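Chemist: Sequence:
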Amino acid sequence: MLKIGITIGDPAGVGPEVIVRLMEHLDPQYAYIIYGEEKILKACAKELGRDFTANLINSPQEINAPGVYLIDLNICDTERPSPSYTSGKVAVAYLGRAVVDAVYGNIDGLLTMPISKFWAKMAGFSYEGQTEFLAQAFRVRDYAMLMYSETIKVALLSTHISLKEAIQRVKRENIVKKVKLLAEEFKRWFKKSPQIGVLGLNPHAGEGGTIGEEDIKEIAPAVEELKSMGYIVDGPLSPDTAFLNRDYDLFLCMYHDQGLIPFKLLAFKEGVNMTLGIPFPRTSPDHGTAYDIAWKGIADISPSLHALRLCERLAKNNIQR
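Numbered by this note's numbering, the letters in the sequence shown go through residues 298 to 618 in order.
Rather than coming from a laboratory, the hints here were simulated on the basis of the structure. Since the model is a prediction, treat every value here as computed from it, not as a measurement. For every residue, glycine included, the Cβ atom is placed at its ideal position computed from N, Cα and C.
What follows is a list of derived Cβ distance ranges for each label pair:
hint	residue 1	residue 2	range
1	Ile-458	Pro-500	15 to 23 Å
2	Asp-589	Arg-347	17 to 25 Å
3	Leu-353	Ser-525	51 to 59 Å
4	Ile-372	Asp-439	30 to 38 Å
In the DSSO-like style, the derived pairs of lysine-lysine whose C-alpha atoms are separated by at most 27 Å in a straight line are:
hint	residue 1	residue 2
5	Lys-414	Lys-461
6	Lys-613	Lys-489
7	Lys-489	Lys-524
8	Lys-386	Lys-418
9	Lys-477	Lys-488
10	Lys-414	Lys-386
11	Lys-489	Lys-474
12	Lys-461	Lys-477
13	Lys-414	Lys-561
14	Lys-489	Lys-566
15	Lys-561	Lys-418
16	Lys-336	Lys-593
17	Lys-474	Lys-488
18	Lys-613	Lys-484
19	Lys-418	Lys-461
All chains, please: the whole structure from these sequences, using the hints.
Modeler: Below you can see the structure in the form of structure tokens.
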């Protein structure tokens, strides 16, 4: 029996609403452990004209039958926090609690709702994002954020850092290491050696060095080195046309927005954020907290439903190895 964890994310955002609306899509064969405040989830459900019911537990180890379970740390003094230190504290606390269970093997997969990096940091969270926190928890140095959909798959050389710092990380050794990780993890999870398109950094992939030198000095040599190792890789590809070619299994982009803008345009409703490099399936919807539409019943749950289904599939395959 699979045990899938689901974190509440920032409770002032769409996380509670999405969880409440996902309840009717849960597989009756599995156990789902929601990490979040019962009073917040019940208040959200009431706001939406729905019910929220789950069995309170202290640990997933107590579970011996399918169903919906809840771990409630009772750390919030209000049933509907605003975007604030409080909402950041709740998001961080439940993420931490879920990741502890993941590390100790008490759950088989984890779906995380969005958090606010700003309010999480105000509450003491010292990581660039949830991906980096998971990597640290599993003591993994080589990891990647894969944006997954059936339409397009995108990985990033760097994630939640400034554009200036991201450019400084465009180095041959970083690209080689990242592609090797992507190829190995893709084969591990999806049973296929991927064809990877590596994007250039500058317009038109540098135009032979006339528009910046990173493409010919760092990216092209990395691609040649990878080819000599037997990896199926091309590049540097011109960033403005690369995504028109659907022959690639995935693209490696040099910085966050280079990959996320086309990905969200092409696959927003089905986009899933998946962490590669950790020994455990973790997925998340490819959107933020959406404070402006939270608790109104209008958030699109499609990304979260796709993320849940992918998490279930990968977790099932993982435990059957």
